[in-house]
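Guided by the hints, dock chain B onto chain A, whose structure is given.
What follows is each chain in one-letter form.
Protein chains: 2
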Amino acid sequence: MAQSNIPITVAFGDGIGPEIMKATLEILKRAGAPLDIKTVEVGEKVYLRGESSGIEASTWETIRQTKAFLKAPMNTPQGGGFKSLNVTIRTSMGLYANVRPCISYYPFVQTKHPKMDLVIIRENEEDLYTGIEYRQTPDTFHALKVITRPGCEKIIHYAFQYARANGRKKVTCFTKDNILKLSDGLFHKIFDEIAPLYPEIETEHWIVDIGAAKIADTPENFDVVVLANLYGDILSDVAAQIAGSVGLAGSSNIGQHGAMFEAIHGSAPRRAGQNVANPSGLILASIMMLVHLGLVDIASTVHNAWLKTIEDGIHTYDIFKEGISKQVVGTKEFAEAVIARLGTKPVNLKQAHYQKSTQVLHHELKNTSQIKTEIVGVDVFVEHNKSVDELYQKINQFSNERIHLSMIANRGTKVWPNSMSETSCGDNWRCRFIVKDKMSSLKMQEIVELLEKFAKSGLEFNQTELLRTYDGTPGYTLSQDEQ
Amino acid sequence: MAQSNIPITVAFGDGIGPEIMKATLEILKRAGAPLDIKTVEVGEKVYLRGESSGIEASTWETIRQTKAFLKAPMNTPQGGGFKSLNVTIRTSMGLYANVRPCISYYPFVQTKHPKMDLVIIRENEEDLYTGIEYRQTPDTFHALKVITRPGCEKIIHYAFQYARANGRKKVTCFTKDNILKLSDGLFHKIFDEIAPLYPEIETEHWIVDIGAAKIADTPENFDVVVLANLYGDILSDVAAQIAGSVGLAGSSNIGQHGAMFEAIHGSAPRRAGQNVANPSGLILASIMMLVHLGLVDIASTVHNAWLKTIEDGIHTYDIFKEGISKQVVGTKEFAEAVIARLGTKPVNLKQAHYQKSTQVLHHELKNTSQIKTEIVGVDVFVEHNKSVDELYQKINQFSNERIHLSMIANRGTKVWPNSMSETSCGDNWRCRFIVKDKMSSLKMQEIVELLEKFAKSGLEFNQTELLRTYDGTPGYTLSQDEQ
Chain A
0 MAQSNIPITV AFGDGIGPEI MKATLEILKR AGAPLDIKTV EVGEKVYLRG ESSGIEASTW
60 ETIRQTKAFL KAPMNTPQGG GFKSLNVTIR TSMGLYANVR PCISYYPFVQ TKHPKMDLVI
120 IRENEEDLYT GIEYRQTPDT FHALKVITRP GCEKIIHYAF QYARANGRKK VTCFTKDNIL
180 KLSDGLFHKI FDEIAPLYPE IETEHWIVDI GAAKIADTPE NFDVVVLANL YGDILSDVAA
240 QIAGSVGLAG SSNIGQHGAM FEAIHGSAPR RAGQNVANPS GLILASIMML VHLGLVDIAS
300 TVHNAWLKTI EDGIHTYDIF KEGISKQVVG TKEFAEAVIA RLGTKPVNLK QAHYQKSTQV
360 LHHELKNTSQ IKTEIVGVDV FVEHNKSVDE LYQKINQFSN ERIHLSMIAN RGTKVWPNSM
420 SETSCGDNWR CRFIVKDKMS SLKMQEIVEL LEKFAKSGLE FNQTELLRTY DGTPGYTLSQ
480 DEQ
Chain B
0 MAQSNIPITV AFGDGIGPEI MKATLEILKR AGAPLDIKTV EVGEKVYLRG ESSGIEASTW
60 ETIRQTKAFL KAPMNTPQGG GFKSLNVTIR TSMGLYANVR PCISYYPFVQ TKHPKMDLVI
120 IRENEEDLYT GIEYRQTPDT FHALKVITRP GCEKIIHYAF QYARANGRKK VTCFTKDNIL
180 KLSDGLFHKI FDEIAPLYPE IETEHWIVDI GAAKIADTPE NFDVVVLANL YGDILSDVAA
240 QIAGSVGLAG SSNIGQHGAM FEAIHGSAPR RAGQNVANPS GLILASIMML VHLGLVDIAS
300 TVHNAWLKTI EDGIHTYDIF KEGISKQVVG TKEFAEAVIA RLGTKPVNLK QAHYQKSTQV
360 LHHELKNTSQ IKTEIVGVDV FVEHNKSVDE LYQKINQFSN ERIHLSMIAN RGTKVWPNSM
420 SETSCGDNWR CRFIVKDKMS SLKMQEIVEL LEKFAKSGLE FNQTELLRTY DGTPGYTLSQ
480 DEQ
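Those protein sequences? They're chains A and B, same order as listed. Just so you know, numbering that gives the first Met the number 0 puts 114 at position 115 of the first sequence, and the rest follows in order with no gaps. Just so you know, numbering that gives the first Met the number 0 puts 432 at position 433 of the second sequence, and the rest follows in order with no gaps.
Chain A on its own, in the form it takes in the complex (with noise of 0.2 Å):
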């Protein structure tokens, strides 16, 4: 044999997990997919043995090694600050992007919405799923939600080049910028900045909250759209449920230096050893990542089977619909009925051919250094259990020539200068201080200096954010009537 095989990184997860892999696997051997696979151990058997990331490093050097990494669901344990292993695998491989395809497989599997074939393209490494959380005070907690620009232009750009390696003809981009002035601001404003560089491709974008409710009732409408973490992984399932089922949904992890395929659905421990489970999501991730691997032949065929298989009417229990399936089959049956039609091809649903995978191009990140930053002040964020005019008492003594208090803020809501007595407040005040010539920018030691004022009154400090300029454009937002 001339070829030689393409190393992958596989696990068998827990729960349902081993019985789909195996299922997944053996429908691949027997469509000759080339394919060397080294196995490997992540998730509840890895924190068992003590090992709190849920991955060992000998892990991590094979799927480094290979070119894709297939995974079966696991099990995260409850509880304890264990970090999302999926999130840490995601981060840690730079896998930005998550490609999630949303079809419906209508008459053949029940939905409400027949027509729908929509892909979401979900920002994979940041938004809340940073997992940076603070206990501020004793009832108060805050929860970061990142956006950096490159992590915007990789998930956009990737966003256009699928559409355009797909044959897709438009991309929608959700944010809450309405809301979210400088965060889904600037992944609103990237969106603007990249989309005419696709001039072929027709954008559109949409307030989170109506583009959900758009997505939920008409989701034919919809074709590549693409979101930051959260709107993406909520959408995505939503998407992916009222296509049929979440469990006919694979899924891919794409970055630079690598790429995770998977079903969606999680491990079902109830449904485990029972040879009942659907293994389609992990089938569907695994076409997604022959593709990625550039075996576009294989995986048509493969798909095609599928397909046919679904046409066909045979089904596993979660989709088994009485009048619509003729054959309710378990995991295994239900792999050997995609191999006993491997070269056939659905009559009525659209057939898969697969020409080339989405590059991951290296676009030229737009360089930010040249911006000019200026500190005009700080944010010093304290508890404190009574009334604001305390607090303004204490607090107010340390403005200086400098530098004066401008406002304090309880839970977004300015609170000084002008309360009203109606504003309900928390235990963790915001006590803004800013620069009072803005011709003359401050120093960091004149912030230090600000905040030892507040160590050395007691007044423990749980969070402080700089304020500065960029170029001259505030790079932080104001409260109600603040000038």
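Since the hints were derived computationally from the structure, they do not count as laboratory data. Only a predicted model underlies this, so the values are computations on that prediction, with no experimental measurement involved. Each hint should be verified, as a subset may be incorrect.
Copies of one chain are not kept apart here, so a pair can be met inside one copy or by any two copies together.
Here are the computed lysine-lysine pairs in the DSSO-like style, where the Cα-Cα straight-line distance is at most 30 Å [as the list claims (entries may be wrong)]:
1. K44 / K455
2. K111 / K349
3. K325 / K213
4. K28 / K349
5. K385 / K371
6. K66 / K37
7. K213 / K435
8. K111 / K385
9. K28 / K393
10. K385 / K442
Relative to the frame of chain A, chain B by itself:
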């Protein structure tokens, strides 16, 4: 007349606002609602007069002196850093509960979900809607998600009280606490604390992504759903849309010191002044207001007349459907049709029969003042554009006999010790310093001294986060494999 009128505040808003408000007030008047209407201006016109909050001091006074505020949709100027006026009113007035019934009117209004009848109870003061955002570096933007114990307690109590007052059987809670273990973890924990106080109400919890999928697919399985602000914003739009139209949904904003009632749709400037807009969202909001004011009989009368109008196929253009609707009418004519039906009841749709309003009870909040806190470290965020090793060299020397560098992370992923070359790093780095002897907590002065070392080395700390324990439990999340 023995009965004195109840004072309410009314704002006619922008776009289609004036038309739908006029229609709504005419119905209330003809139904005999004993209201004394004080009209105020908020929104676009006020901004244009130079009042950057969009609301004047005298308006606050009017809202404060009346029992309820009925508000038509407004425009918020784009850009310019203005905080959303809706958010300002809700938070300044302490209107913590946003209530949105989402009901289908099958077969009179087209829907894929004929049996849907759920109520979204959305937390209204916290979460990312606090609008606290910072540009940390040229490339990195942060937004703060704020969750507090009193905020969670109030909204979750309200959800159960609402269920009780309205004869509903189940309250479902959605969070993303598998990722947001502290913030969403608190919301879930408090839900579990409060649920047993309402033993007659069934409860359940879903992770928000799969829960959203279930609402979008089978909304008939939900009854009352309680959510944090962002999830509630997205899912109430989803639920309203799939019930039939966001044009058919009203909402209330309830607090201890006031209440505001509004349609959930926007001001639709393109439809303004044409007598075509559907006033139903605002009419249903006004019915919620009547119930809140204790005018339950008039509320039932107006609601039944509205239901009969819908049932009779008298529809505005937005819900008009050939074969279902009988007559397409304008805003004014729709209101006249409702007025003509005052005193009648629907035959097919479920009749309204209000008996009492939801009590806003003043539950005693859990006292957390006895929790013992200790300072065990600090996270310092700095901009840096070279390798993690260079950053490590610079800052490791800040360690002393009391405190040491324990981790450097980038976008939530630990990159020192043991970085992976594939991890993609932004320009903002989180440096964690931890006390060496966990038996001997840190003083604020020690934190100040550490920060001074950063400042003197030319490292601008754009954010600091104090690391505390609360009764011995860390008030901060760990990175992957951090101990």
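Against the structure, the hints:
no. : hint        : result
1   : K44 / K455  : neither (50 Å within a copy, 47 Å between copies)
2   : K111 / K349 : both (18 Å within a copy, 25 Å between copies)
3   : K325 / K213 : between (33 Å within a copy, 26 Å between copies)
4   : K28 / K349  : within (24 Å within a copy, 58 Å between copies)
5   : K385 / K371 : between (40 Å within a copy, 18 Å between copies)
6   : K66 / K37   : within (11 Å within a copy, 69 Å between copies)
7   : K213 / K435 : neither (48 Å within a copy, 53 Å between copies)
8   : K111 / K385 : neither (55 Å within a copy, 52 Å between copies)
9   : K28 / K393  : neither (73 Å within a copy, 52 Å between copies)
10  : K385 / K442 : between (32 Å within a copy, 23 Å between copies)
Hint check: violations occur at hints 1, 7, 8 and 9; the rest are consistent with the structure.
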